[in-house]
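Each chain is listed here by its residues.
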Amino acid sequence: MSEEEISQAEEERIEAALQTSDIAISVRGLRNSFGDQLIHDGLDLDVRKGEILGVVGGSGTGKSVLMRTIIGLQTPDAGDIHVFGESMVGRSDDEALAIRKRWGVLFQGGALFSTLTVAENVEVPIREYYPNIGQQLRDEIAAYKIRMTGLPTEAGPKYPSELSGGMKKRAGLARALALDPDLLFLDEPTAGLDPIGAAAFDEMTRKLQQTLGLTVFLITHDLDTLYSICDRVAVLADRKVTAVGTIDELLATDHPWIQEYFNGPRGRAATAAVSREKDREQTKAAQGPSDGRR
Amino acid sequence: MNKAADLTEENRDGSNVVRLSGSLAIACLGDLPDRLDAVQGPVSAIDLSQVDHMDTIGAWTIHRAAKRLNCEISGGSDDAGRLIHAVGELDEPVPIRPDHVHPLRRVVGQIGEAVCASGATLMGLLGFFGATLIATWAVIRHPHRFRLNAVVQRFEVVGVSALGIIGLMSFLIGIVIAQQGSVQLRQFGMEMLTINLVGRLTFRELGVLMTAIMVAGRSGSAFAAQLGTMKLTEEVDAMRTIGVSPMEALVLPRTLAVVIMMPLLGFYASIMAVIGGGFLCAIALEIPPITFVQRLREVVPITDLWVGLIKAPVFGIIIALSGCFQGMQVKGNAEEVGLRTTAAVVQAIFLVIVIDAFFAVFFTWVGWN
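Line by line, the protein sequences give chains Z and B. Quick note: the first sequence uses this note's numbering, first residue 254, plus one each step. Quick note: the second sequence uses this note's numbering, first residue 20, plus one each step.
Hint data in this document are derived by calculation from the structure and do not stem from the laboratory. Mixed in with the good hints, there may be bad ones.
PhoX-like cross-link-like pairs, simulated, lysine-lysine; straight-line CA separation at most 20 Å [to be verified]:
(1) Lys350(B) <-> Lys421(Z)
(2) Lys22(B) <-> Lys354(Z)
(3) Lys302(Z) <-> Lys354(Z)
(4) Lys350(B) <-> Lys411(Z)
The following block holds chain B by itself, in its conformation from the complex (with noise of 0.2 Å):
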């Protein structure tokens, strides 16, 4: 059963013969289907006596010898004729992989579906914020449906549980701007300026930014995750067929969790980078603790602290709902999921960055500098 497929060719009453033997399986095969392909005609048969075993791999290959060679096959079993008879029967061209297109027109048609995504994409964000907007109305005009429960779990899984790697987070920041801005401003004899870049830059900008960033990192990935695999065990269609509203009871407690806990977490950033910075002061400039808070209190306009607050439940609304509007676009099959978590938060720190530089601008015409 297991001797290798071998191959002969014989002539035959002034016609050539070739002659087959051993076992003609797929493990047996070796390279007889190239030194078959190898065979130039013309040849009468391909001869099978000597055949001990054969699978359909075996069997197509001699269909397709006879059909190229055009020649009969004799002296197989039984067995044999019947299993070439079942797959020649099969013989019709199978496309393999789809049909090539030229690499310009693909490029060209990537980048227009590209924008007509993102369009759709911007278009559907603004519908679902509307969408949110009118939930969060019939909320407030029915407060017995509101849902406490799911809205103070989510402050403990989007703000406590965030505590320790953003604490971290924004420390080592603090670390590196003192340590870096001490760098450039010894140059000119001004360390003590280090202060003030410490102080406004994480006030105003990086603490919150910083935890925006890890925000969409941690749960905006989160709730498309959730949301995403709850709309493909078809969870959140059976919601809607008991009358619970998927807005109201998903998408709004996330919201409003991240919305109040982008603020407090921001602040909680903004004072753990301080102290990374005063930290670093104290150890490599040798400004003592006290003074840098003194300094601090001079240079630092408690407009900054007003600028980060104001910008955070901003970010975090933009956190929520993109994490919360991709999760609930999913449809079909898991493979959406991941690619939905990875646009949502792709998404919110893109739009994050872009009100920011927004805000700046604002904040300037203001006055608040």
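This is chain Z alone, in the form it adopts within the complex (with noise of 0.2 Å):
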């Protein structure tokens, strides 16, 4: 066997082993920069099926940017990227496309098409991809998913210009739910929120990840949402990804960054309210099975 076999058979090995593992999104080397300056050099990470993955990192420090390159909209330098086991560098839109229909993406404003309605923007997926699905279960469909991201039933009919920041939001996360992927991303969600809007909206990403068994890629500033809904984080930083784990994990380590990042005043205020919500739950526990849950 010449070397170049040996590095084919070894590369198809991983491939069929990232198809049947619990993997969903895997990325190796991966390597961007835009004119001189490099913004991911090295940069490993995996997001394992139905978990919600926080991303986070400084200003600056490509978060937005790897999502990117996950989805395509940024082709990396070097590296690689398998989604579903597939890999997703160098290919043509074509060939992406079957992974791409297992995937929705929030943008950060919502991204919604302002010259359709809400409901219309449901819809456009849908039409693109299925265009089978006729005209009225369509727009069921596209009246249950609005339901579902908790918007009144009267947003579907407005425009986007008409929304408010937290329903655009929704009615962004309701597009990219449109067609049941398995995969999420969502870039700072609750960014530009109200406290309780965000506590809202971390609330039904976690209920639909749970209901539809999502695996969700979860780029925030928030650190309410970090305690409150991610089941591991990752922290970018130094161009790469310096520590993946849960927050505890995370604690334990002694990067700087993430030391002053989760014990900063913040991190110790979200910290805290993590545990008094604990020790409610202790307490109304203790004090007997009234009502159970809160």
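Build the complex: two chains, separate frames, hints provided.
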């Protein structure tokens, strides 16, 4: 066997392993740069199936760039990206289509099509990918997706310019969920929302993830989101993923940025909120079987 | 997981059962929803025991079929049951599009809205003109607030960088006038009158008018887009809170630059058009340039130059004001910037031509013809 054949066999073996394994997204040796500014260098990351992975990092560490690279909006300088075992780098749009149908993306501002109503926005992916679905069923699907994201029914025929920021995000999420994706990308879903709206959005993300069995790739600055719904957290710093794990695991590392992030005043406040919550639940449980949950 | 969804109807203990099988996910659904719609009752149950995978769209399809046929759902896994239940809870009609309005009513409504909007715009423009005058007076009283640097910078953007395109355009216009004119005048054997045509037309009308259109397209639109973006990013509001008047800092320098640059550009454009006309006369009509210039001096009265130069700053004010006014009206979203920019250019060109017509009547009245 020549060296080339060996490497090819190796690659096939890895791909076969990935297809059967419980890894949804696998990023290896990713390098991205803009001009002479290096954004990512040798970045590795695995997202497991069925988890909510929070991605954090200071401003300009390339969180959004990482997401854009995974979903194919940006071609990396080097590195490999596998989504559901399929290599995404260097694929033509046609080849990547089968995978694209399996994910939904919520962009920061919602990115709704401004000339279409909310309901029509939700219908766009269905119409594009599954023209065999009739108009009536499509309208019904759009209707329950809109209700699923907690929007009032009056929001359906409204245009994006008539919506508030929080409603735009929900409408964007409804569109991202239109095709029942296995994988959901959320780019700062709670940014710009008031604390009540943000908490409701977190709750909804968690509930949808559990009901639909989603894998969620979630970029956030919101410590409350991290504490309340993320299974694991990946920290972007120094042009790579410096650490991945549960928050407790991250707290055990001695990376200065991570310590600063979680032990800064805001981090401590979020920790305190979580422990208060736990205490309350424990006292409730101790008081006896009243109404059970909150 | 990827087995196509299928449907069989069977009779079990005297009642009809619809049996679904395969994967009820959107990718494998195929024509199943249509076939399910075609099933006629009475049906006692929809059987899911052979369904191996389901997403919410599959669940919804089952839910609506069960609702329509008024039958129960049996044999599904716990997950499937939960999904169908979850989806069923969301069953509430959501309007997809805004209510349909009768076309006649809509047209009448749109006409009414357009009339009101144009009236409001005209009033707004007038108000804006007043605000600009007040700002000008304020700067005259406090000359240290005059932003010389901003004005000079606008001179370059509005004037100097437009020289190339305006020169080329005017040169070509001169050629076109001379060529078209000579073809017509040749029929009467009066080709020499081509010189009158080129000279008088360019100095009186076309030089300044074409310049105004070009400046409206280049600078008027740029003003609207710049100020519009600054409104969106709240730069204008920030300016106000710091105590800088946007009228003085943004509108005045731009207006002043256009007002000063318009006569200069208009004169330059007229000269370029005359050169273009002379060029064609020399080549096509064999009129030597020296004859052309001599004849031009005889037939073009100096008042023609004044007519052009008097109109130019007025056009400049209109262009700058509609650009800045539309820019300052931007609020809401980025789409508005585009709409306002278009509006600024259309409004400027329209008003320039209207005012030009008034000028034509006025100058004839004073005897400058």
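Status of the hints after comparison with the structure:
A distance of roughly 18 Å separates the Cα atoms of Lys350(B) and Lys421(Z); the hinted pair therefore holds under the 20 Å criterion. Distance check on the hinted pair: Lys22(B) and Lys354(Z) sit about 17 Å apart at the alpha-carbon level, within 20 Å; holds. Annotation: proposed proximity of Lys302(Z) to Lys354(Z) holds, straight-line Cα distance about 17 Å (limit 20 Å). Restraint check for Lys350(B) and Lys411(Z): the C-alpha separation of about 19 Å stays at or below 20 Å, so the hint holds.
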